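Counting along the sequence shown from 1, when you hit position 55 you're at 55 in my numbering, and nothing is skipped either side.
It is worth saying that the hints were derived from the structure and are not from the lab. Owing to the predicted nature of the structure, the values given are computational and were not obtained by experimental measurement. Don't take each hint at face value.
[Said to hold, decoys possible] Quick list of simulated restraints, FRET-style, between CB atoms: (1) R101 - Q122: 36 to 44 Å; (2) W97 - L38: 20 to 28 Å; (3) R86 - S33: 37 to 45 Å; (4) F102 - E45: 32 to 40 Å; (5) N36 - E98: 25 to 33 Å; (6) V125 - P47: 14 to 22 Å; (7) A37 - P107: 36 to 44 Å; (8) L38 - W99: 33 to 41 Å; (9) Q68 - P107: 29 to 37 Å; (10) L131 - A37: 29 to 37 Å.
Quick reminder that beta carbons are idealized off the backbone N, C-alpha and C, glycines included.
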Amino acid sequence: MPTRTPHFLLFSRSHSATASSRESGIWEFELRSTDNALATSAADEEPGATGERLELLAIVRGLEALDQPSKVTLVTRSTTVLRGLRYGISQWRENEWEWERFGQMTPVKHRDLWQRIDQAMQIHVVDARPLEPVIDDLSPPLAANRPAIGEESSRQLSTSDGKQWRVDRPHQVASSRNVPAESSENPRIWNWLVASIAQLVPTLGLGAGQ
């Protein structure tokens, strides 16, 4: 009897230090099964890293934490990373990790991390989705009093403060240490993400046995 390929939700998050600060940026990820069970999570500081690099580090650590070929639904708020996964990574690989800029070939920014993601994607099937607010306020709201499953549109998540969050259509794109969930530097954002999973899973058409 063939073994089912495990399916995980990978949530990535980053927090950058200010441009003028020498403080460390923080990356975080959570891997959860489609029945919302926590598989593993990790968080760490990266000296001098900001924005995109922190987000890529979170994704790299999450993918490299998987110990067998898996299906992975990546949920991130980074549009830069999503564009790279959808449009850039295959072309960068063909061009030996360079891209044309103003008529000259230039090394891809953070190519060391993109190469690690590319290697992981040779093992895992990665489906990247954006999780973004319908309105401009990007502050992460709490969702402790979210409506029951089925009360909302399959493409929107309502939170306790009335804000609407949209999960867009997927973008299919062709060993790390484990850290307990309580080590998270900011449990508020993860409480919100976990509360959203129950509504995210039906939009993916997944079940615990898939």
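Cross-check of the supplied hints:
Between R101 and Q122 the C-beta distance comes to about 27 Å, which lies outside the given range of 36 to 44 Å. Range check, W97 to L38: about 34 Å between beta-carbon atoms, so the 20 to 28 Å window is missed. For R86 and S33, the Cβ-Cβ distance of about 25 Å falls outside the hinted range of 37 to 45 Å, so the restraint is violated. Between F102 and E45, the C-beta spacing of about 35 Å keeps the proposed range 32 to 40 Å intact.
Under the hint 25 to 33 Å, the C-beta atoms of N36 and E98, about 41 Å apart, miss the expected range. Under the hint 14 to 22 Å, the C-beta atoms of V125 and P47, about 33 Å apart, miss the expected range. The given range of 36 to 44 Å is respected by A37 and P107, whose C-beta atoms sit roughly 40 Å from each other. For the hinted restraint 33 to 41 Å between L38 and W99, the CB-CB distance of approximately 37 Å keeps it satisfied.
Our hint of 29 to 37 Å for Q68 and P107 holds, since their Cβ atoms are close to 33 Å apart. Look at L131 against A37: about 20 Å separates their beta carbons, and that is not inside 29 to 37 Å.
Checked against the numbered hints given earlier, the structure breaks hints 1, 2, 3, 5, 6 and 10 and satisfies all the rest.
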